[in-house]
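Enquirer: Using the sequences plus the hints, can you model the full thing?
Protein chains: 2
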Amino acid sequence: MKEVFADIITIGDEILYGQILDTNSQWMSQRLDEIGIKVRRKFSISDQSEVIKTAVDESLSKADVVLITGGLGPTKDDLTKQALSEYFQMPLELNQSALEDVESIFIKSGRELNDINRQQAFLPNGCQKITNERGTAPGMWFQMGKKVVVAMPGVPMEMKAIMTKSVLPKIKKSYRLPVIVHKVIRTIGIGESWLSEIIEKWEVNLPKHLALAYLPGNWQVRLRLTGVGDTKEQLEHEMDQEMAKVLPLIQEYVFGFGEIEIEDAVGELLKSKHLTLATCESCTGGFLAHRLTSVPGSSEYFIGSVVAYHNDIKTSLVDVNPKTLEAYGAVSEQTATEMAEGIRKKFKVDIGIATTGIAGPDGGSEEKPVGTVWVAISYGKEVFTRKFQLPGTRLYNIELASVNALNFIRQTLSNSKN
Amino acid sequence: MKEVFADIITIGDEILYGQILDTNSQWMSQRLDEIGIKVRRKFSISDQSEVIKTAVDESLSKADVVLITGGLGPTKDDLTKQALSEYFQMPLELNQSALEDVESIFIKSGRELNDINRQQAFLPNGCQKITNERGTAPGMWFQMGKKVVVAMPGVPMEMKAIMTKSVLPKIKKSYRLPVIVHKVIRTIGIGESWLSEIIEKWEVNLPKHLALAYLPGNWQVRLRLTGVGDTKEQLEHEMDQEMAKVLPLIQEYVFGFGEIEIEDAVGELLKSKHLTLATCESCTGGFLAHRLTSVPGSSEYFIGSVVAYHNDIKTSLVDVNPKTLEAYGAVSEQTATEMAEGIRKKFKVDIGIATTGIAGPDGGSEEKPVGTVWVAISYGKEVFTRKFQLPGTRLYNIELASVNALNFIRQTLSNSKN
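Going down the list, the sequences are from chains B and S.
Under the working numbering, the first residue of the first sequence is numbered 83, with each subsequent residue one higher.
Under the working numbering, the first residue of the second sequence is numbered 83, with each subsequent residue one higher.
Be aware that one or more of the hints could be misleading.
The list treats identical chains as interchangeable, and a pair is accepted whether it falls inside one copy or across any two copies.
Restricting the straight-line Cα-Cα distance to at most 30 Å, the calculated cross-link-like pairs of lysine-lysine (DSBU-like) are [said to hold, decoys possible]:
(1) Lys-254 to Lys-290
(2) Lys-247 to Lys-314
(3) Lys-427 to Lys-405
(4) Lys-158 to Lys-314
(5) Lys-247 to Lys-265
(6) Lys-499 to Lys-327
(7) Lys-247 to Lys-450
(8) Lys-430 to Lys-405
(9) Lys-469 to Lys-190
(10) Lys-135 to Lys-229
(11) Lys-144 to Lys-229
None of these hints come from the bench; they were simulated from the model.
All figures in this text were calculated on a predicted structure; none of them were measured in a lab.
Expert: Right, here's the structure in full:
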């Protein structure tokens, strides 16, 4: 079977200048990968007609599918439509169906159409219009024999709706696609090179059509096993066998598989044990509660949180003893312990977890440098505490403290017999 | 003056498969832009030796500076070092200084060096080693006449330290750079095309060396004015004059300039008015507190938060009347009002803000669909309320609700005479 290759082109000076982060191409990659299309290259180029035409030409010479985002807005710096009109030699013409789409969006929101909006209904004569239900710039499908170029707006919500509803189904119909299977093992609390040492013998003995990758980030490493084959069943079977060999070697570090996040894993544990949880946060400032509540259905086990940013709140709302604060300071094992016990009692939950630390950039001392974080968990008859020394900037420390706190809950619950 | 162009190459199948989000290239773009280097293209390619060599060759033919990240890890899927060794015909050799760097990192953390780590000290003979203080893979600088290729690890923290400490200073010394000035106006609460209509006359009359771009996202639009010139002073003067013309037209939507975020703008307002704030959050689940506390020094005005996820917490901790919940439901103007008043009283702050809504994916009804959010602000003698109907998925609704709540604070304080 011939492999189908795709290129992704994102257009916009704002990407090259670094003024916005391109999240579109990651999402598009994931969707293409799922249907067995291999992304060959992604590139980001500037809003210049000649540059756009050259990039499309270059991609079309090697890739089967070329997906383009950006530069379709209503303003003067958006040149993609004009460039494609020139490249494919299809003059811009008013597309009646596109005009109706734009009008219907304005009617829905009760606003009036202006001239700039109306211009969005002009499309290269010969391309297929793709309806954009969430915005005023239509997508465009250019068929060149067996190859295809698709242009979509850069607004993520609009691009995603167009991809899901129109582009992906159409691509699936157009090609006979190979079978690609990914299995991702999610680990936490162990570095890439240690993981690699533990599983080295297994890794070198993998058959050639199965490949392993290490994807590190935020004190986690994703282990991704990728297989290419003829039938899904055979590949799945073979890969499951390999997973069964490697998992026992690294069990204590594994919190889940695939797209699961540590907060999902914690949620599953809490649900299976019928436990409720509340957080009392100082340095994490609500981010731990946010991670927990980002999971749909988290209200089943997450009751609430007190962000006790000021010491007054620690004493008045969660009953930390003022003497404890005075003797040990807000960032201490003792204060964390009392916060965890206090929130558990106040919120009448099974588990109280507390964070207190110095996120930075200021507030550190020689004894307690920036990045010092205490986490305490009150559960059963015990309080478990742990100190972390985090290496990052303010936002990164807040994130790492929250991730470590979540992993601490996971470990505490996994080790308990209840 | 000759412009200096850079290409950025990110290497890794994990980027093409969409398994990780490339944030490195945005950060690198920003730093290059600041010193007047124009990023010509960014591209992401796979971990294959031939592909890497072709990409470097292609970039070197057009760009002056080629920055590469990724594929330098200690594991078998990392091929960048080998590919560069072949491309530049510089065999890998043990670099004594690199070995010492790796050893010192292990001594610091009290761990033992293994063989895989030791291999990281082998470098192409003829490149300059760049010290990586935060990890075990050194950076590499390849000088080719006036052109340069730099390879760095893909771990963001490591890449950033290497860029800041070594690569950027070295690049600045190597080239005579043009002057580029950006001025960014941050707006909120108005769409791109309406903004464009308001400022159209000003925009078309801009001199040729000043360019305007619209960068939309999260109910905000950044207006970026970019100027290229000979001296910074002249350019700054000219651009300030243009800014003075456009700002009065869009004043009510402007919350700041440059890299400021809405939470920074709110923080500045609170500080200037010597006011304190607390949040009571239901649907935003701590994310509003997180946005507020992501600002360094926020403890000056942010006192704390109650995440009242369960109704029990709304009544027991912030004194919402159970009858209000029963009569109007948790997602209502009345409940939001009592939450805002309750948190203000409980936390003894000047401003109490509350959010309650349905983030999704479940929990919506015909009367109150997913995305319905009430925000209330208790300030002075009044309670201000606003209803939002948000269009997104769970996480996006949480973010939009928080951004809108922050803007609501900004507007309330800007309009008040206190």
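Enquirer: Are any of the numbered hints broken by this structure? If so, which, sorted upward?
Expert: none
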